[in-house]
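Student: Each chain, written out:
2 protein chains.
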Amino acid sequence: MIATTPSVPYYAVIFTTLRTDIDQGYGDMAERMVALAAEQPGFLGIESARDGVGITVSYWQSLEAIKAWKAHAEHQIAQKTGRSDWYRQYKTRIAKVERDYGFDKDAA
Amino acid sequence: MIATTPSVPYYAVIFTTLRTDIDQGYGDMAERMVALAAEQPGFLGIESARDGVGITVSYWQSLEAIKAWKAHAEHQIAQKTGRSDWYRQYKTRIAKVERDYGFDKDAA
Numbered sequence: 001m002i003a004t005t006p007s008v009p010y011y012a013v014i015f016t017t018l019r020t021d022i023d024q025g026y027g028d029m030a031e032r033m034v035a036l037a038a039e040q041p042g043f044l045g046i047e048s049a050r051d052g053v054g055i056t057v058s059y060w061q062s063l064e065a066i067k068a069w070k071a072h073a074e075h076q077i078a079q080k081t082g083r084s085d086w087y088r089q090y091k092t093r094i095a096k097v098e099r100d101y102g103f104d105k106d107a108a
Numbered sequence: 001m002i003a004t005t006p007s008v009p010y011y012a013v014i015f016t017t018l019r020t021d022i023d024q025g026y027g028d029m030a031e032r033m034v035a036l037a038a039e040q041p042g043f044l045g046i047e048s049a050r051d052g053v054g055i056t057v058s059y060w061q062s063l064e065a066i067k068a069w070k071a072h073a074e075h076q077i078a079q080k081t082g083r084s085d086w087y088r089q090y091k092t093r094i095a096k097v098e099r100d101y102g103f104d105k106d107a108a
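Chains as they are written, first to last, in our numbering: chain A, 1 to 108; chain B, 1 to 108.
None of these hints come from the bench; they were simulated from the model.
Here the structure is a predicted model, which means the values were calculated and not measured.
Even glycine gets a Cβ: it sits at the ideal position worked out from N, Cα and C.
Misleading hints may appear alongside valid ones.
Chain A regions said to be covered by chain B (calculated; three or more residues, Cβ under 8 Å) [to be verified]:
no., region
1, 12-25
2, 48-59
3, 88-98
Could you put together the complete structure from these sequences and hints?
Tutor: The structure is reproduced here in structure tokens:
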């Protein structure tokens with residue numbers, strides 16, 4: 001559930017959202033987009049949580065991979081429906097991960 | 001609830017966590033750390049959600065501001081207790097936000 005990512009540098013897309021009350025199709029779309037993203041070249045991993053605000057962070061090898069995923073036909077439809085139906089507000093931030101470190105109690 | 005951040009570039013700290021079953025002191029600490037972070041020089045905003053995995057993204061003006069916050073005495077104690085008590089696993093990623101864009105239905 002915490003993404004296993006390679007050595008830096010790599011890229012993160014931080015997608016923060018507030019939902020509308022419209023649920024129709026949302027769950028299926030969200031699940032499908034995670035599965036579809038995972039099939040794309042350059043995909044490294046994804047982390048997602050929602051309580052009130054939703055935060056999904058996907059990790060990618062390059063800016064080119066992120067650009068290609070944004071332009072993917074089925075993803076484009078999801079983005080459009082997101083704006084018309086599911087999201088009241090969102091922000092997408094594209095960031096270069098320059099440093100990372102972690103902790104694992106089982107390994108500590 | 002979606003952070004209002006300035007024009008790029010700025011920095012993001014993506015803190016992804018899995019909790020232990022130990023709740024003692026966790027809620028107070030989490031609330032206190034958000035309030036304390038917001039008082040630090042260079043702090044720009046914070047977004048947080050948990051369901052299973054927890055994701056907290058804080059935004060900062062510079063790497064120096066992030067470094068100073070990491071070294072803050074009270075934050076150091078929280079980090080130490082995090083490893084001993086509250087977190088089973090975590091990953092911290094420091095990233096430079098190079099591009100961002102958003103959508104607001106009320107403004108659309």
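Student: Against this structure, judge whether each hint is valid.
Tutor: Going down the list of hints, with the structure as the test:
no.: 1; hint: 12-25; in the structure: holds (count 6)
no.: 2; hint: 48-59; in the structure: holds (count 9)
no.: 3; hint: 88-98; in the structure: holds (count 11)
Checked against the numbered hints above, the structure violates none of them.
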